[in-house]
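Colleague: The lines below spell out each chain.
Number of protein chains: 2
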Amino acid sequence: MPAYKAPLRDFDFVLNELIKVQDVIPALPGYQEATQDIYTSYLEAAAQFCENELAPLNRPGDEEGCHFDAATHNVTTPAGFKEAYAQYCELGFPALDCDPAYGGQGMPKSLAFPVMEMQCSANVAWSMYPGLSHGAYSAIHAHGSEEQKATYLPKLVSGEWTGTMCLTEPHCGTDLGLLKSKAEPNGDGSYSITGTKIFISAGEHDMSANIIHLVLARLPDAPKDVKGISLFIVPKFHDDGSRNSVYCGALEHKMGIKANATAVINLDGAKGWLIGEPNKGLSCMFTMMNAARLGCGMQGLGIGEASFQGALAYAKERLQMRALNGVHSPDKPADPIIVHPDVRRMLLTQKAYTEAGRALTTLLALQLDIEEKHPDSAARQDAADLVALLTPVAKAFMTDNGYTAANMGMQVFGGHGFIREWGMEQLVRDCRISQIYEGTNGIQAIDLLGRKVLLDQGQKLRKFTKQIHKFCQTNEGNDKLAEFVGPLSKLLKEVGDITMAVGMAAFKDKDEAGAAATDYLRLIGHLTYAWMWARMAEVAYAKLGQGEDDFYQAKITTARFYYAKLLPEVEALKATIKNGAKPLMSLGEEQFAC
Amino acid sequence: MPAYKAPLRDFDFVLNELIKVQDVIPALPGYQEATQDIYTSYLEAAAQFCENELAPLNRPGDEEGCHFDAATHNVTTPAGFKEAYAQYCELGFPALDCDPAYGGQGMPKSLAFPVMEMQCSANVAWSMYPGLSHGAYSAIHAHGSEEQKATYLPKLVSGEWTGTMCLTEPHCGTDLGLLKSKAEPNGDGSYSITGTKIFISAGEHDMSANIIHLVLARLPDAPKDVKGISLFIVPKFHDDGSRNSVYCGALEHKMGIKANATAVINLDGAKGWLIGEPNKGLSCMFTMMNAARLGCGMQGLGIGEASFQGALAYAKERLQMRALNGVHSPDKPADPIIVHPDVRRMLLTQKAYTEAGRALTTLLALQLDIEEKHPDSAARQDAADLVALLTPVAKAFMTDNGYTAANMGMQVFGGHGFIREWGMEQLVRDCRISQIYEGTNGIQAIDLLGRKVLLDQGQKLRKFTKQIHKFCQTNEGNDKLAEFVGPLSKLLKEVGDITMAVGMAAFKDKDEAGAAATDYLRLIGHLTYAWMWARMAEVAYAKLGQGEDDFYQAKITTARFYYAKLLPEVEALKATIKNGAKPLMSLGEEQFAC
Chain A
1 MPAYKAPLRD FDFVLNELIK VQDVIPALPG YQEATQDIYT SYLEAAAQFC
51 ENELAPLNRP GDEEGCHFDA ATHNVTTPAG FKEAYAQYCE LGFPALDCDP
101 AYGGQGMPKS LAFPVMEMQC SANVAWSMYP GLSHGAYSAI HAHGSEEQKA
151 TYLPKLVSGE WTGTMCLTEP HCGTDLGLLK SKAEPNGDGS YSITGTKIFI
201 SAGEHDMSAN IIHLVLARLP DAPKDVKGIS LFIVPKFHDD GSRNSVYCGA
251 LEHKMGIKAN ATAVINLDGA KGWLIGEPNK GLSCMFTMMN AARLGCGMQG
301 LGIGEASFQG ALAYAKERLQ MRALNGVHSP DKPADPIIVH PDVRRMLLTQ
351 KAYTEAGRAL TTLLALQLDI EEKHPDSAAR QDAADLVALL TPVAKAFMTD
401 NGYTAANMGM QVFGGHGFIR EWGMEQLVRD CRISQIYEGT NGIQAIDLLG
451 RKVLLDQGQK LRKFTKQIHK FCQTNEGNDK LAEFVGPLSK LLKEVGDITM
501 AVGMAAFKDK DEAGAAATDY LRLIGHLTYA WMWARMAEVA YAKLGQGEDD
551 FYQAKITTAR FYYAKLLPEV EALKATIKNG AKPLMSLGEE QFAC
Chain B
1 MPAYKAPLRD FDFVLNELIK VQDVIPALPG YQEATQDIYT SYLEAAAQFC
51 ENELAPLNRP GDEEGCHFDA ATHNVTTPAG FKEAYAQYCE LGFPALDCDP
101 AYGGQGMPKS LAFPVMEMQC SANVAWSMYP GLSHGAYSAI HAHGSEEQKA
151 TYLPKLVSGE WTGTMCLTEP HCGTDLGLLK SKAEPNGDGS YSITGTKIFI
201 SAGEHDMSAN IIHLVLARLP DAPKDVKGIS LFIVPKFHDD GSRNSVYCGA
251 LEHKMGIKAN ATAVINLDGA KGWLIGEPNK GLSCMFTMMN AARLGCGMQG
301 LGIGEASFQG ALAYAKERLQ MRALNGVHSP DKPADPIIVH PDVRRMLLTQ
351 KAYTEAGRAL TTLLALQLDI EEKHPDSAAR QDAADLVALL TPVAKAFMTD
401 NGYTAANMGM QVFGGHGFIR EWGMEQLVRD CRISQIYEGT NGIQAIDLLG
451 RKVLLDQGQK LRKFTKQIHK FCQTNEGNDK LAEFVGPLSK LLKEVGDITM
501 AVGMAAFKDK DEAGAAATDY LRLIGHLTYA WMWARMAEVA YAKLGQGEDD
551 FYQAKITTAR FYYAKLLPEV EALKATIKNG AKPLMSLGEE QFAC
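Residue numbers (the UniProt record's numbering), protein chains in the order written: chain A, 1 to 594; chain B, 1 to 594.
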């Protein structure tokens, strides 16, 4: 596999030509300094770090994995991981989009997201150490007391300390209402927390001086179900340097992300402090979870990009067979496999999904920035609604497409793709978890259709589709864009009809929503990507003839590929949604094994 | 993961109620003794062996892998593999469908295929040792001289010796025309063979006393390209016990099938003997390859079945959330996840693909039996044509669906699916290679559309579709089957139209065939499975009310699921095929990286 090269030109395209963040960002209070030059210099610095420090550690990290010492409960990360993290802190990256009040650099999400994408491409297992830490920062920042913020945030921002999210228990992941960990008050404002947490990413390691666990547990007499869950801060080490009784009990042996320590965390009367209101832990945790879901989507995106780069280089070098229409490279014993239509289909699928995903995440990042900083509350609400609607889409659609892309990249390599040293199969294994954690993609689908679309009678959805409708109207007379605007308008109308039909059916039978959800999410995903590709084509047409025609022509050609070869999936989705719940619900439980 | 249970009831259904092999087999010369009782007793013995011996070695084999000793060039297989192989030989399984003239039991393929499926479910890495050996048996049996047959076949049939296929070289896999290994005549009828072979499955191991390598190499002055390739027998040990200079140079580190030794084989003037005609090695090798392609399809099928069994058991046990329509198990803290529509969608996808695949392979196995033994040459030709047409479909469609099924099984497990000890992710890793080796699935698609369909102007395809047409005609007035026969007839007509359109387009531009191939293969796959499901429903309706209604009702319900939720993929395929080659071929090579 070739060395990873950060797609800086495409970041520039998406940020400055497509989404045009500079039209918005410097006008937001607090982001005045986030000019295009600042973005560029940060992205270049991050690219250097990801290309030169993180990417070379990716394969060795997978082979070595993490080491657990049962005697000391210590975990050692693969060679070089700790040093790379130290350098990352030295460069100030943990502080990038953190609050200046606690030492942060106060940069927007629309800058932080491309940085995250690069980390995911270069070394997704490594990226999760600072990634989880940032989640802990966000939760404490949003819900902590002033004292808690003063205590924990500066060290999390500098990267001296890291953080985790401790939700899952052996018997519950999706259904946190079943959670059993207990928190008993000590009488001094602290709590004594006991329980077993599993699947704790970056749960124990040797990178930072302290680890701040955010732990869900139940207070005595707490209501059953999710209404009785509270959130606690449980540091590995106390102020006085003494060890808290929160220990790593084991590391999981996993399919991928082997260089990330997925820990069993045992709390045995560990001392912790309530964060936020009692019994409101789940909503506090959702501050982290929504960010984590977008972070998952970035993993699908980043891995798709890495796999594309690997497959493209191989397809240009590997000589095998002649082009169907005659010899392409007469000076060589065979033609490079990029001449074959089916190899191009795989490469273009990777490219089309990746570039549309990059556009979507940048659009969402800007909405997050608006949601946080815009002086107008209606603008903040609009942005928040779009983020709420599209977060499950970004998580599930981007990770499913990332997995498809990673598998295609591996397929381009033929037998060599199955061999570890090439690195292509690692991308498949590393990507696979992104479809599962932070809420399986099935859960995302129910979140989208049930909570985000049907619960408010389509209000958030209409806000979104109005934007697409407006785009279609604006470009109605644009002959060049007609090949995109036509199908996009048609799909937009169909999505409205389908949403109405599913909503009516679900009103009578909730299983109809459950049955439609996964297909519906892909439908909305395609609507979003079709919009992104039409917009990218619009920008590209306007820039043709200005000296970078290859770049812009590639956008138009890839948009055509997307509409011709990927978007038709909606024809199947419309049919399967229409066929409803009955085909899923009719088989008796005991008949499955027949 | 639960212990593997062989699907004996479903084998019985497919063999005796659907395909009705007993209407054909005992009438074929040489198969008189292959009665239903004989089938049953063999299948029960194989089930016992696979459930009790092979399945328990599957997880440990993956963890341990094979060991290579560079000093001795020896390979040690994981603990228990050798002993299981000894028992397999003792039970006579290597001889199952081999020629009685060489110690074989002369049983039909329609019995051998279910046995193969069980091995693939229980332990696909192990199954490849006897699998490759059987391929070598077939090639020598078909193309060897009487002396060669007498020398090698009895030991291969007994299992004392095993065999390999040595095709691939570092610079060529798909394109064997680039092959470089050389064979110089020694003057005594033997040849001195030099070259490096890679990706040799079961290439070196400790299970058998000798390994018979079948090696492709070029004679001096051989024509370039595939027309100058010859096939040689290269034993690891000579008659006198002396070691031949064919050595394992290394084992590959792979994503999956880790318990199978994927060897680099170095030939350094190794002594070998020509098998078949000079320069006709590739067609000799295709004897093995076609069988190997069906064997690959069986891997997708077997792994899909294993994953389904694992996921089904978990979905019945794992408690998480309540059913959307209200509490299902009030005595439990949550409902088993099988109540959720999306979990059912995944389980039913596994079930529908697996059972249709089992029907297809049994149908093909019977055609192989007819092709080999039928006294009427026209009947043999019809059978051979159907096998030729559907071999690439069985290979690619079944392995792609197997991979989908394995991924869904893992998804049902949520986070636990990613953890190695559960075994679900191993099935994903083990299945992945089946889409690549023995000709990538992209190559299968070109084989189907180019060689099998267009080359004879659709003659083989029409023979096949006539059978489906006849089924539809016969059941035209059958109200119960109308929900299947209607869509099947429609699809049948569409496939005819699409084939014609693609053929016309490809006549002008060969890339049109290359661009359509992968989608076309899935289209034919769905046509085949839709036919299988309609036939299974037909049989099931006739058997209702006879005491096994759960079994037969499950067939009808699963057929409905297939038609409602999987078959609609053809709506997308029709569109993508129609959109042609241009969207794939327009992007300039240098524009990919833009």
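If you are wondering where the hints come from, they were derived from the structure by calculation, not from laboratory data. Glycine included, C-beta positions come from ideal geometry on N, C-alpha and C. Be aware that one or more of the hints could be misleading.
[Stated by the list, open to error] Cβ pair distances, simulated, as ranges:
#: 1; chain 1: A; residue 1: Asp206; chain 2: B; residue 2: Ala70; range: 22 to 28 Å
#: 2; chain 1: A; residue 1: Thr72; chain 2: B; residue 2: Lys332; range: 36 to 42 Å
#: 3; chain 1: A; residue 1: Glu483; chain 2: B; residue 2: Asn478; range: 42 to 48 Å
#: 4; chain 1: A; residue 1: Phe286; chain 2: B; residue 2: Arg9; range: 30 to 36 Å
#: 5; chain 1: A; residue 1: Lys493; chain 2: B; residue 2: Gln459; range: 22 to 28 Å
#: 6; chain 1: A; residue 1: Lys508; chain 2: B; residue 2: Arg9; range: 36 to 42 Å
#: 7; chain 1: A; residue 1: Gly241; chain 2: B; residue 2: Pro56; range: 33 to 39 Å
#: 8; chain 1: B; residue 1: Leu455; chain 2: A; residue 2: Phe507; range: 39 to 45 Å
#: 9; chain 1: B; residue 1: Asn52; chain 2: A; residue 2: Asn74; range: 40 to 46 Å
#: 10; chain 1: A; residue 1: Phe286; chain 2: B; residue 2: Lys332; range: 25 to 31 Å
[Unchecked claim] In silico negatives: residues of chain B with every beta carbon more than 10 Å from chain A:
#: 11; residue: Ala27
#: 12; residue: Ser41
#: 13; residue: Gln87
#: 14; residue: Thr174
#: 15; residue: Arg218
#: 16; residue: Pro333
#: 17; residue: Arg344
#: 18; residue: Gly486
#: 19; residue: Ala517
#: 20; residue: Phe551
#: 21; residue: Ala554
#: 22; residue: Thr558
#: 23; residue: Ala575
#: 24; residue: Ser586
Colleague: All hints, please: hold or fail.
Modeller: We went through each hint and held it up to the structure:
Hint check: A/Asp206 to B/Ala70, Cβ distance near 34 Å, so the stated range 22 to 28 Å is violated. A C-beta distance of roughly 40 Å is found between A/Thr72 and B/Lys332, which places it inside the suggested range of 36 to 42 Å. Between A/Glu483 and B/Asn478, the C-beta spacing of about 45 Å keeps the proposed range 42 to 48 Å intact. Range check, A/Phe286 to B/Arg9: Cβ separation about 47 Å, and the 30 to 36 Å hint is violated.
Range check, A/Lys493 to B/Gln459: about 44 Å between beta-carbon atoms, so the 22 to 28 Å window is missed. For the pair A/Lys508 and B/Arg9, the beta carbons lie near 37 Å from each other, so the given range of 36 to 42 Å is met. Checked against the given bound of 33 to 39 Å, the beta carbons of A/Gly241 and B/Pro56, roughly 49 Å apart, lie outside it. Between B/Leu455 and A/Phe507, the C-beta spacing of about 55 Å breaks the proposed range 39 to 45 Å.
Hint check: B/Asn52 to A/Asn74, Cβ distance near 42 Å, so the stated range 40 to 46 Å holds. A beta carbon spacing of about 27 Å between A/Phe286 and B/Lys332 agrees with the range 25 to 31 Å that was offered as a hint. The claim that B/Ala27 is not at the interface with chain A holds, since no C-beta of that chain comes within 10 Å of its own (minimum 31 Å). For B/Ser41, the non-interface assignment is confirmed: its Cβ lies about 23 Å from the closest Cβ of chain A, beyond the 10 Å cut-off.
Every beta carbon of chain A lies more than 10 Å from that of B/Gln87, the smallest distance being close to 29 Å; the non-interface claim holds. Residue placement check: B/Thr174 does not keep its beta carbon more than 10 Å from all beta carbons of chain A (closest about 5 Å). For B/Arg218, the requirement that its beta carbon stay farther than 10 Å from each beta carbon of chain A is met, with the minimum near 14 Å. Not every CB of chain A lies more than 10 Å from the CB of B/Pro333, the least distance being 6 Å, so the non-interface label is violated.
Remark: the non-interface label on B/Arg344 conflicts with the geometry, its nearest Cβ contact in chain A lying 5 Å away (cut-off 10 Å). Chain A leaves B/Gly486 outside its interface by the beta-carbon criterion, the shortest separation being 14 Å against a cut-off of 10 Å. With a least beta-carbon separation of about 6 Å from chain A, B/Ala517 fails to lie farther than 10 Å from that chain, contradicting its non-interface assignment. For B/Phe551, the requirement that its beta carbon stay farther than 10 Å from each beta carbon of chain A is not met, with the minimum near 4 Å.
Some Cβ of chain A comes within 10 Å of the Cβ of B/Ala554; the nearest lies about 4 Å off, and the non-interface call is violated. Listed as outside the interface, B/Thr558 is inconsistent with that label: its C-beta sits roughly 7 Å from the nearest C-beta of chain A, within the 10 Å cut-off. Once the 10 Å rule is applied to beta carbons, B/Ala575 is inconsistent with being away from chain A; the minimum gap is 4 Å. With a least beta-carbon separation of about 5 Å from chain A, B/Ser586 fails to lie farther than 10 Å from that chain, contradicting its non-interface assignment.
Hint compliance for this structure: hints 1, 4, 5, 7, 8, 14, 16, 17, 19, 20, 21, 22, 23 and 24 are broken, all remaining hints hold.
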